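Chemist: Build out the structure end to end from the sequences listed, making use of the hints.
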Amino acid sequence: MHIVVCGGIVPDPLQTLEPVATAAGPGLKNELLLPAILDPWAGCALHEAAHLAKQCEGSRVWLVSLGPKAKLQQVMMSLAQKAPFELVALDGPAHGFTDAHETAALLAEAIVSIQGLDRGRLLLFGGWESASRGQGVTLQMVGERLGIADQFQGVDRITLRDDGSFEVMERVEGGRHLVSWCTGPPALLGWATGERAEPRNDPQMGMKNMRTIMPALQKATPVSLAAEGLSYHDVRLPLQQRQTRIVKDMPPAEIALEIFDWIAND
Amino acid sequence: MTDTVLYLAHTEADGSLSRASLEALTVAQTTAAGLHVSLVVGLFGGDVCDAAASVGGCGASRFFAVAGADFASPRYASDAAAAEAIARATDATIVVAAHTSRLARVLAGVAFRLNGCIDTHVSAVDSSDGSIAVARWFYRQRIEGMARRTQRPWFLVIDPGVATAYVGPSVDIEPETITVLVPSTRTQTVGLREASAAEQTIRPDAALLFVAGAGWTRKQKDGQTHTEEAEQLILGFLGATGASLGSTKSLTDIAGEGLAVLHCLSHMNQVGQTGSTPRHPKGLSACCHGEEPHVVGWRFIRERRAVNLDANCGWARGKADVLYVADAFEVMRQLNGLLRARETSSRGDRQPIYSNAS
Chain A
925 MHIVVCGGIV
935 PDPLQTLEPV
945 ATAAGPGLKN
955 ELLLPAILDP
965 WAGCALHEAA
975 HLAKQCEGSR
985 VWLVSLGPKA
995 KLQQVMMSLA
1005 QKAPFELVAL
1015 DGPAHGFTDA
1025 HETAALLAEA
1035 IVSIQGLDRG
1045 RLLLFGGWES
1055 ASRGQGVTLQ
1065 MVGERLGIAD
1075 QFQGVDRITL
1085 RDDGSFEVME
1095 RVEGGRHLVS
1105 WCTGPPALLG
1115 WATGERAEPR
1125 NDPQMGMKNM
1135 RTIMPALQKA
1145 TPVSLAAEGL
1155 SYHDVRLPLQ
1165 QRQTRIVKDM
1175 PPAEIALEIF
1185 DWIAND
Chain B
-1 MTDTVLYLAH
9 TEADGSLSRA
19 SLEALTVAQT
29 TAAGLHVSLV
39 VGLFGGDVCD
49 AAASVGGCGA
59 SRFFAVAGAD
69 FASPRYASDA
79 AAAEAIARAT
89 DATIVVAAHT
99 SRLARVLAGV
109 AFRLNGCIDT
119 HVSAVDSSDG
129 SIAVARWFYR
139 QRIEGMARRT
149 QRPWFLVIDP
159 GVATAYVGPS
169 VDIEPETITV
179 LVPSTRTQTV
189 GLREASAAEQ
199 TIRPDAALLF
209 VAGAGWTRKQ
219 KDGQTHTEEA
229 EQLILGFLGA
239 TGASLGSTKS
249 LTDIAGEGLA
259 VLHCLSHMNQ
269 VGQTGSTPRH
279 PKGLSACCHG
289 EEPHVVGWRF
299 IRERRAVNLD
309 ANCGWARGKA
319 DVLYVADAFE
329 VMRQLNGLLR
339 ARETSSRGDR
349 QPIYSNAS
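Line by line, the protein sequences give chains A and B. Note that my numbering has the first sequence beginning at 925, numbered continuously upward. Note that my numbering has the second sequence beginning at -1, numbered continuously upward.
Derived from the structure by calculation, the hints contain no laboratory data. A quick note: this is a predicted structure, and the numbers were derived from the prediction, not measured.
Straight-line C-alpha distance at most 25 Å; calculated SDA-like pairs for lysine to any residue:
#1 A/Lys993 with A/Thr946
#2 B/Lys217 with B/Asp251
#3 A/Lys953 with A/Pro1017
#4 A/Lys1172 with B/Glu328
#5 A/Lys953 with B/Gly312
#6 A/Lys1172 with B/Glu301
#7 B/Lys217 with A/Val1171
#8 A/Lys1143 with A/Leu1041
#9 B/Lys217 with A/Pro1176
#10 A/Lys978 with A/Glu1119
#11 A/Lys1143 with A/Gln998
#12 A/Lys1143 with A/Leu956
#13 A/Lys1132 with A/Ala977
#14 A/Lys1172 with B/Leu337
#15 B/Lys219 with A/Leu1181
#16 A/Lys1143 with A/Asp1042
#17 B/Lys219 with A/Ile1170
#18 B/Lys219 with A/Pro1176
Modeler: Okay, here's the thing in structure tokens:
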């Protein structure tokens, strides 16, 4: 099985984000100084890919990532300790105001050029939405470009069968899952949280991974995103500060009564 | 080029349109009116007759449909083919659709096939000046902005809850049927499965969201954890109010760390940065902590109240309307008592409604 995981990098969610206007459109203040992580749902996809690869002998996992090279390197230092993979890096902007259509074209091109990738055995993984642009459209467009007509989004589980087919569970409305069967690769899976906890750091795996990751980073193709025909305005932080009434020293029974009345009052 | 606004929707299993779809129709109507262009309707599904009748009075100039057993269940290949055929037949330049799981799965691919563009999670469409700008969130509801595009067709996928649902008289409509050759697919839809064997606790239509935080599994005043009681209190509250259950990431992650867990929760309940951002009129949180990134989970909750022990907690201060600094176990015990009393009272017993609130 050949698994390609598409995953970008995003600022650590605990960082303060502030939009600024740049010559190329909106961006984040001090963007290059913010510590970055692999996009959380793409991270879930990578963990699932590593788990799946373990089950199938001869499997390979690639991570295709578009981001500023220096930030990619920083993220890879820790990510390399989580799961075995080969990196395909594209050196370009990765913030939330880039255009998904252009990003998809670049990612598809990078996937096509992977040496040794058997597209007949391809499972294309990624997060179902990013924590930056949050559109949930890039992966589908990559899939279309690669001619993959079996696509699943919001995936929480894949179960392989002996005959090479698999069952997929996708999140749908009302906290339920849609269950589908697919006869086998190629297929595209946009992952939600999945079922695997984040693996513990494995320094030995990290060192082994970095032997291939560093050369891949050095070879990262510089790309630019023009976002033609797309413009933004009024990009700002939401004004959501509320005047909170803080209630101290009120007996629980009175609090309960107040909440009860509030719930009942439509 | 003169715009044509296409309202695109799929039917539900019972042949109706979902509330989110009817909300998107309202957006499509106002968009078409703002642009002074015609509105057309495109529906796909197993049987679209009832759905077409339900929106027959929406003012659309034409109605198109792709129907049949092949389009009854969600599946990428068939749904994308149906949506593509409708968009091509209508020559639409603006396509408005609801952000349902079924459409979110396929519309990016359809936009690509039509050499168009797409924006999802749209929270508002402004067509007041004769051009279109859409509002959406970036960085998981932490930054908002407006976008314009020159490329067409432009697919606008509208988030549920941002518009009122279309209501109109039922009008018998004979939609123009489009025949679509179903592409060969290797995927077979099996059906829906509940997230767990336990009672479903995610209720998108509920008037109230209850958000449980990690504090429910921490040691309490007696130095012990009380996760079983916490679970009973939460489930009791949900049962009495019909509320939907949300959870912070830290609470759902606890299960992965092998610590005491609430069995009624899974990652499906998670709200926030890596979870959902549901829309409900009211939200009550208990034992939730954290700063801005964690709080996005209840950004779209209109009225918010919180119960926790820290008066300065970033989850509530400046984010909630009311913060009760109190032990959530005690408050929820009392609150469940009141709710039980109301239930008993409404069944005709003579017990006063607030009997156990001393």
